[in-house]
Amino acid sequence: MTVESSPVQEQRGARIRAVLLRQDVLLLVVFIAMIAFFSILNPRFFSAAAAANILQDFSPVMLMAIGQAFVILSGGIDLSVGAVLGLSGVTTAMIIRDQSANGSDPGVAIALGLIAGVVVGALVGLVNGLLITYGRLAPFIATLATMGAAAGITLVVTGGVQIAGAPRELILLGNTTYLGLFTIPVMVVIVIAALAWLYVSRSKFGRWTYAIGSNSFAARGAGINVRRHLLKIYVISGVLAALAGAFVYFRLGSGSPLSGRGGELNAIAAVVVGGIALTGGIGRLSGVILGSLIITAVLSGLIIIGVEPNWQQVVIGALIAVAVGIQGIGSFKGRTL
Amino acid sequence: MNATPLYEVRNISKKYGNVIALDDVSLQVMPGEVVGLVGDNGAGKSTLVKVLSGAHSPDSGEIYLDGELRTWKSPHDALSAGIETLYQDSGLAPDLTVAANVFLGRELKAKGILGKLGFLSEKAMDVRAREELLRVGIAVPSSTRSVAQLSGGQRQAVAIGRAVAWANKVIVLDEPTNHLGARQSGEVLEVIKHAKTQGLGVIFISHTLPHVLEVTDRIVVLRLGKIAANAPTSEFTPDSLLKVITGLSGSN
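Protein chains in written order, with this note's numbering: chain X, 1 to 337; chain F, 1 to 252.
Hints were generated in silico from the structure; no laboratory data involved.
Computed from a predicted structure; not experimentally measured.
Misleading hints may appear alongside valid ones.
[As the list claims (entries may be wrong)] List time: in silico DSS-like cross-link candidates among lysine-lysine, alpha-carbon distance up to 25 Å:
(1) K73/F / K204/X
(2) K109/F / K204/X
(3) K204/X / K116/F
(4) K169/F / K73/F
(5) K15/F / K73/F
[Unchecked claim] Here chain F is said to cover these stretches of chain X; the calculated rule only asks that three of the stretch's residues, wherever they fall, bring their Cβ under 8 Å from a Cβ of chain F:
(6) 199-206
(7) 210-220
(8) 223-233
Ideal placement from N, C-alpha and C gives every residue a C-beta, glycine not left out.
Could you build the full structure based on these sequences and the hints that come with them?
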């Protein structure tokens, strides 16, 4: 039997590839337009110092968005990333505070704190994955539950107060810029984003993630261990959120129990603005990187032009609605034409 | 026939809650034999397909491949043993390309260190997907197109091609001619005949009785979870087959 190719379909294939490429170009244009917009309203926005600042804001959003991208591509959602950022952040902060108080070497204290925070993030991710795969809970419900639990535990262990007592070396690590722009955490995030981009688009792990999001029944029928793959994805999301928590703490020098609040909203916004479909299976990580830049620029820009910070979440919420709406129009057209 | 069956299930029972989906069902297929599995809606065909493909474990009963007792914990076990299944309507990931679907779960890695790191060789998969599909009689002009862009018939062609290309023992086809036009259905039946000449065992599930009568060597009729008939195709007429399926008469 033959799979005939009609010229119409060949054209359509080329057109879809062109649209995908255009999507990245479009996002880049949006990003540049926003920088221009905020710079005109407040010229201070267009400076190396502001850019370095934005990159520091960008780091946690990017890390959470990468994990969220894997999760959403696989057809799920992870609402717990913001709460994990908070819980892992204060875990790291408490370990480093105690180690420093005991006279540990700052490097050792930082390493132990980082490991502890990442382990906590991985555990929350594992619980998410187990609830979703073996517990058969919808990802939305499972991660809503762990979001609440993680935020609650954060308040319990800290008593709701900030964790101070960070060594000077930690604050230097979090804030010393190289080339006037990049702190070490920012450089780590850039490397992770580049690796994630390669893995999503070129590796077996990425391919299976798309396959599960596209049709999990077919993926299982093709011999893919869907449960194990989803467990890995939720653990990755937890670990990246934990790293985000550590980096936020490195920057501020104190671990705030409220630091991750609303973080999941930013991550989801970065992913959908970047063109990943909430239904799974469609989208590219290059878009998510641009989406994270756009979200961060919006957040920073609003502050720099003097908008009251409480408006931030309203704007992010609106961005999610607009992005998903535009995706919906696109797929609607795709189906009817 | 006294030869060892290629694939055999014996005394399979399966319950979902209080519903008995399969009750003491046995079925065997010889190398190069096409067995038709027919029955009304709710007769237990889909459940039996899932047991055959390793997607569901039976509550009781045994599975033999080449005369050896086997258990499938997941479809992966059955696939590695050479049993391919084409599921009704849902065998492909629509957002992936034809080549990615053909190689789904069996991806080709890049050479050297990149492959060890988990990176794929897209080019090799594109070329080999086309070759494998051609080998089983399916010509694909572009294996880099996503399945969502194909027509229903084209998708079915890719799904069948993938199953036949990978199967080295048994192929289970659940309603492969569903939603297909007459010409495309004819092509599916040709692919089945081709698989038979390769010595594969084929289990062909269909509602379209003329197709079943045309292509099978033996027909097994399921009714309300039990075997209602199991006889060479030559013993059935379209009329008698329909009567067994609907329960108006029993045989064997």
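Structure-based check of each hint:
1. For the suggested pair K73/F and K204/X, the alpha carbons sit about 23 Å apart, so the restraint of at most 25 Å is met.
2. Pair hint K109/F plus K204/X holds up; C-alpha atoms about 8 Å apart against a cutoff of 25 Å.
3. A distance of roughly 11 Å separates the Cα atoms of K204/X and K116/F; the hinted pair therefore holds under the 25 Å criterion.
4. A C-alpha spacing of about 19 Å is found between K169/F and K73/F, which places the hinted pair at or below 25 Å, so the restraint holds.
5. Only pairs whose Cα atoms come within 25 Å are accepted, and K15/F paired with K73/F is accepted, the gap being roughly 17 Å.
6. Counting residues of the stretch 199-206 of chain X whose CB falls under 8 Å from any CB of chain F gives 5; the rule of at least 3 is met.
7. Given as covered by chain F, the stretch 210-220 of chain X passes the check, having 9 residues with a CB less than 8 Å from a CB of that chain where 3 are the minimum.
8. Evaluation of the coverage hint for the stretch 223-233 of chain X: fulfilled, as 3 residues show C-beta separations to chain F shorter than 8 Å, against a requirement of three.
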